[in-house]
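Q: All chains should be modelled from the sequences, with the hints used to inform the complete structure.
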Amino acid sequence: MPSDSKIAASFRDPSGFLFKREGTLYRQVNRQYESDYTRLMQSGLYDALVGDGLLISHEETAVPAAEPDIAYKIIRPELVPFVSYPYEWCFSQLKDAALTTLTIQKRALDHGLWLKDASAYNIQFHRGRPMLIDTLSFEAVRKGEPWTAYRQFCQHFLAPLALMAYCDLRLSQLLRVYIDGIPLDLASSLLPFRTRLKFSLLMHLHLHASAQKKYAGKQVNQNQRPPRKMSRNALVGVMDSLEAAVRGLKWEPVGTEWADYYADTNYSRAADEHKAAIIARFLERAVPQSVWDLGANTGRFSRLASSREIPTVAFDIDPGAVERNYQKVRAGGEINLLPLIMDLTNPSSDLGWHHRERSSLLGRGPAELVMALALVHHLAIANNVPMDQAASFFSACGEWLIIEFVPKSDSQVQRLLATREDIFPGYTREGFEESFGRTFTIVTAEAIQDSKRILYLMQRR
Amino acid sequence: MHLFNHLPIMMPDILAAPVHAIHAYLDPGSGSFLIQLLIGALVGGLVLLKTYWNRIRAFFSRSSAGDATPSDENASELNNSESDAV
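Residue numbers (this note's numbering), protein chains in the order written: chain A, 79 to 539; chain B, 61 to 146.
Keep in mind the hints are simulated off the structure, nothing from the lab. Please note: incorrect hints may appear among the correct ones.
Mimicking PhoX-like on lysine-lysine, the simulated pairs with C-alpha atoms at most 25 Å apart in a straight line are [as the list claims (entries may be wrong)]:
#: 1; chain 1: A; residue 1: Lys-328; chain 2: A; residue 2: Lys-184
#: 2; chain 1: A; residue 1: Lys-307; chain 2: B; residue 2: Lys-110
#: 3; chain 1: A; residue 1: Lys-406; chain 2: B; residue 2: Lys-110
#: 4; chain 1: A; residue 1: Lys-296; chain 2: A; residue 2: Lys-184
#: 5; chain 1: A; residue 1: Lys-221; chain 2: B; residue 2: Lys-110
#: 6; chain 1: A; residue 1: Lys-307; chain 2: A; residue 2: Lys-296
#: 7; chain 1: A; residue 1: Lys-276; chain 2: A; residue 2: Lys-292
#: 8; chain 1: A; residue 1: Lys-98; chain 2: A; residue 2: Lys-184
#: 9; chain 1: A; residue 1: Lys-151; chain 2: A; residue 2: Lys-84
#: 10; chain 1: A; residue 1: Lys-184; chain 2: A; residue 2: Lys-221
#: 11; chain 1: A; residue 1: Lys-184; chain 2: B; residue 2: Lys-110
#: 12; chain 1: A; residue 1: Lys-486; chain 2: A; residue 2: Lys-530
A: Printed below as a string of structure tokens:
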């Protein structure tokens, strides 16, 4: 028997599980899920959803099962190059993921199926669009019953979106703490009173939270009278109402730290163009299969990689910059660029049961090439990260590194130093090269015209 | 939340409805089930009205446009909520 490693994120659902064998990802479909799987495949729903880019495609394979006693089929899903999580998404990414979930749910209802879960973690951004990656999320509609996943949808999507839209964009980070979505009583207590005046938010969040509290752990009047039925119209009405609630939530990037950074740069047009030309040359030299752009802002230089058909993840700490970047991706139909929110001084860690349900940033790497443009001064001066520690982190992120050194004389560094004591005597070109030279081989270095900055191409030793 | 305490007066039948054990791997939660029944009862009628309204519009647009234009416009309108969701 080949050695299989079960993917820890898929342990909750008894319908099947993911496992890796010799580097290939498979999903075992268990016998208990046979009828729902057959219905998904034969009803035409699978073809329709895959055709519209709403569901990940898969192939049925004849490889031996990981757990043969309970196995019905082994399928090989199409691979998503980089798995991301809701707490790394900007507002519109979470909103699009929510709308995609509802669209799939409505399509499924037309085929006599529905989603048995509505986890935001079942949605991934693949080829620039959100899609469902859990093929085993469908089951036959239980006629007359309300939607089982309703609570999960509200906790995973509606509550964080409402909090982001009405309170503060940064509240999406609550999803890091609450792995099964934001508790509705917490969301309800944080949301301003005016959200109670909106019918959909009043019902799905505030009254929903109160109902949960009131009926916690109770089976109300069981067996005393025939159960109340949920008609199909009622079910569709609830989906329409959830969709209206999600569509009604909006957020526009204004006044965040970096959203208008490119307008506020100290680069001349010539310097900007020269910088892009150097990066393009470096990319052509390293020929990476994957790129992480750390501190990508709105993705101006990430696109040098993604436009070369290299799967690229553009990380930035500022949700406004990530929002703009994502909107560009969506407007341009870009398929190789994934913008994500990431604080490099506290990157996503291993979370969930046994620390294995959600991976850390480094656990999802390494990339082949890392870009750190106009970043090192923020780490070294604004966050006191010693230079050799920055080099160590970048080397864990990828083999190749394109890094920009911004000297103290640069106006952006002067701005960082304006409000604090200069305790960084080692922050010099020589100090930088010495620190990074211990971890990386400096392949080449080029000064950016019309600026004081230097771009390096480095390879891990 | 105080508001909810008044709702049983408004919708006594729905909130007194039994919630049976559900054979699902997620716990749907009794409160979540009840509130969904309530919302379903409130908005389900709208879905029905919308369906009839669309049929009426389809009927009139067909009769005013003659045989040349079948209910394409109406059909695309019905599908709109799905196709523009992503």
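Q: Each of the hints needs a verdict: does it hold here or not?
A: Hint-by-hint comparison with the structure:
no.: 1; hint: Lys-328(A) with Lys-184(A); verdict: holds, 23 Å
no.: 2; hint: Lys-307(A) with Lys-110(B); verdict: holds, 21 Å
no.: 3; hint: Lys-406(A) with Lys-110(B); verdict: violated, 35 Å
no.: 4; hint: Lys-296(A) with Lys-184(A); verdict: violated, 30 Å
no.: 5; hint: Lys-221(A) with Lys-110(B); verdict: holds, 22 Å
no.: 6; hint: Lys-307(A) with Lys-296(A); verdict: holds, 19 Å
no.: 7; hint: Lys-276(A) with Lys-292(A); verdict: holds, 22 Å
no.: 8; hint: Lys-98(A) with Lys-184(A); verdict: violated, 32 Å
no.: 9; hint: Lys-151(A) with Lys-84(A); verdict: holds, 16 Å
no.: 10; hint: Lys-184(A) with Lys-221(A); verdict: holds, 15 Å
no.: 11; hint: Lys-184(A) with Lys-110(B); verdict: holds, 16 Å
no.: 12; hint: Lys-486(A) with Lys-530(A); verdict: holds, 9 Å
In this structure, the hints that do not hold are numbers 3, 4, 8, in rising order.
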